[in-house]
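Participant: Residue strings, one per chain:
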Amino acid sequence: MAAVLGISAHYHDAAAALVVDGRIVAAMQEERFSRIKNDPSLPRRAARACLALGNIAAADLDAVVFYENPYAKLERVVVSLAREYPRSFRQFSPALGGQLGSKLWVLDQIADMLGVERRIVRFVEHHESHAACAFLCSPYADAAVLTVDGVGEAATTALWRGEGSSLRCLGAIDFPHSLGLLYAAFTAYLGFEVNEGEYKVMGLAAHGRPRYRDELSRVLRLEADGSFTLEPRFFAHATDTDVGFSPALEALLGPRRPPGRPFDLDSNEDDRRCADVAASLQVATEEALLGLARAARERTGATALCLAGGVALNALANARLAREAGFERVFVPPAAGDAGGALGAALLGSRDLGDPRPAPLATAALGEPFDTGAAVDLARALGLAALPVADASAAAAARIAAGKVVALCRGRFEFGPRALGQRSLLADATRAESRDRLNRVIKQREPFRPFAPSVTAAAAAALFVGAPNDMTPFMTTVCRIDPGRAATLPAVVHVDGTARVQTVTEPSAPDLAPILAALERETGVPVVLNTSLNGAGEPIVAGPVEALAFFLQHPVDALVVGDALIERSPA
Amino acid sequence: MSARRGFLRRLASRAVTLGGLLGHFAHRRRFFLVPLVLVLLAAAVLLAATGGLAYVAPFLYTLF
Chain L
1 MAAVLGISAH YHDAAAALVV DGRIVAAMQE ERFSRIKNDP SLPRRAARAC
51 LALGNIAAAD LDAVVFYENP YAKLERVVVS LAREYPRSFR QFSPALGGQL
101 GSKLWVLDQI ADMLGVERRI VRFVEHHESH AACAFLCSPY ADAAVLTVDG
151 VGEAATTALW RGEGSSLRCL GAIDFPHSLG LLYAAFTAYL GFEVNEGEYK
201 VMGLAAHGRP RYRDELSRVL RLEADGSFTL EPRFFAHATD TDVGFSPALE
251 ALLGPRRPPG RPFDLDSNED DRRCADVAAS LQVATEEALL GLARAARERT
301 GATALCLAGG VALNALANAR LAREAGFERV FVPPAAGDAG GALGAALLGS
351 RDLGDPRPAP LATAALGEPF DTGAAVDLAR ALGLAALPVA DASAAAAARI
401 AAGKVVALCR GRFEFGPRAL GQRSLLADAT RAESRDRLNR VIKQREPFRP
451 FAPSVTAAAA AALFVGAPND MTPFMTTVCR IDPGRAATLP AVVHVDGTAR
501 VQTVTEPSAP DLAPILAALE RETGVPVVLN TSLNGAGEPI VAGPVEALAF
551 FLQHPVDALV VGDALIERSP A
Chain H
572 MSARRGFLRR LASRAVTLGG LLGHFAHRRR FFLVPLVLVL LAAAVLLAAT
622 GGLAYVAPFL YTLF
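Chains as they are written, first to last, in the numbering used here: chain L, 1 to 571; chain H, 572 to 635.
The set of hints was computed from the structure by calculation and includes no laboratory data. Each hint should be verified, as a subset may be incorrect.
Unchecked claim - Cβ pair distances, simulated, as ranges:
| hint | chain 1 | residue 1 | chain 2 | residue 2 | range |
| --- | --- | --- | --- | --- | --- |
| 1 | L | Leu-170 | H | Ala-586 | 52 to 62 Å |
| 2 | L | Glu-250 | H | Leu-582 | 48 to 58 Å |
| 3 | L | Ala-385 | H | Leu-582 | 54 to 64 Å |
| 4 | H | Ala-586 | L | Gly-383 | 49 to 59 Å |
| 5 | L | Arg-233 | H | Arg-580 | 32 to 42 Å |
| 6 | L | Arg-233 | H | His-595 | 30 to 40 Å |
Bear in mind that the values here come from a model prediction, so they are computed numbers and not experimental data. Positions of the beta carbon are idealized from the N, C-alpha and C atoms, including for glycine.
Work the whole structure out from these sequences, hints included.
Facilitator: Printed below as a string of structure tokens:
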């Protein structure tokens, strides 16, 4: 029986996760506390919050496990820079400075941060952390596991066989051949921020036609054995790290899109070309993943597939894998990216100390609980009327049904990039104007970006093809809406007829389920538009201070904090 | 006294990491890279001293 803390840090999306006696106690990203989106710094506050929730002192930890091997990482950096020398000369100082000055010493930094003995701090491999997060949280006893991201130590893609509590690596593809880096380079080419704008590329893809497939096949070559290679001349990973792609890519596809220019997909020819490039990239990525998954199916014989790594956040691709890769079931955890590596590392540490595998992950609500009392006190201090209501869920549902936008803060915040009903903005899915108001006025996003629906698991099958499944509780896949129902949910169906649906049950989203039940009683439609409670460029809200700040800064109609309701203009 | 103990503890911790690094290169038969790492470390220090570390690109962040 052991208490194990997992840590991911230093690249993007730092996180901490606590596993005690094989049970997942807490998992949180540092960004929720520091208020710096995708904060890579050591997760001091997240670690402290995890320990506090587990009622465990750092001195009582049996192990602290970092999510990657800092020595192998240094080796890959040195070797890849040396291979590209002298073209990589400009990258030597920042790359080696960062490695030798800080990242190499991460295990010491963690020991210092927690005040624990250095001997209990160890590491596991990056892709093994991802694989553990996916497989050990899944409902499967036996599965093929694919981990696909930008790059870990050297591997960018790996195939695993998961059986019981064990994970065996069957093969890997190494840097620079990387689907994550391919997607990131195109994210930069299309004028979006790397590590942040990949969702925008996915949303943009639905507005384009994949007419650059032939060009993409010269950039990303799919091999007969299911693997892939990138053509190096289109990339500049070690030489032009501003964008990661070379002038050859612009010669192939046209000029890059300037960052920050507003999108006009109706009348701007160049924006339509960019949408076509995004669509071609999405198709190429899906086909590469399909090749990997089909090879995994053939090699392992498993009927279930688990997927993790940053590329596993591509919900469109996950849906295609579920349909076409030949597996009966597919699972992608809610924090499939580097944050999830902290949870995977903790689970590996726990397993290695003899603890049992955890129960299948039922909910992503693994963060710090919302302090309703503090929120009510703060609201009153700010002159806002925070009124206790007998049934906050019914009150929220009534306002949503009336076309209002409601911010919801209840329970423990979510682990991963999706708001799943603990820190959410909710609106009526049956009104198209909900989408436009949220996109333009409240979230200030590009108009082409879709919003997701949350629906009761019981009603999901009648509305969305293939729902519910193992991914839908965590919004890690998309489903096509029943063609007969598309017109009834205009705010949450994307231009391609899909929606990144969340299926809701009481265990998976305990604070959203009663709102959907009340909404069904009120309107007969147990569906709500659900988007994350954050302003543009901000992390999702964590506690009372950010919740009240969001309410004051954005034109939402009501804020539900625990069992209290704060309204901008009382009904 | 306790500051000294803290310093010694940190020193011991760094020694563990250095041992791990050497072990990694030995285990992976990559010892030939150690001189390169040392030279690059010296170059990094020099460039840092001359302001060369001011610029860190976003992609670099992902890779290195």
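Participant: Provide an ascending list of the numbers of those earlier hints which the structure does not satisfy.
Facilitator: Numbers 1 and 5, in rising order.
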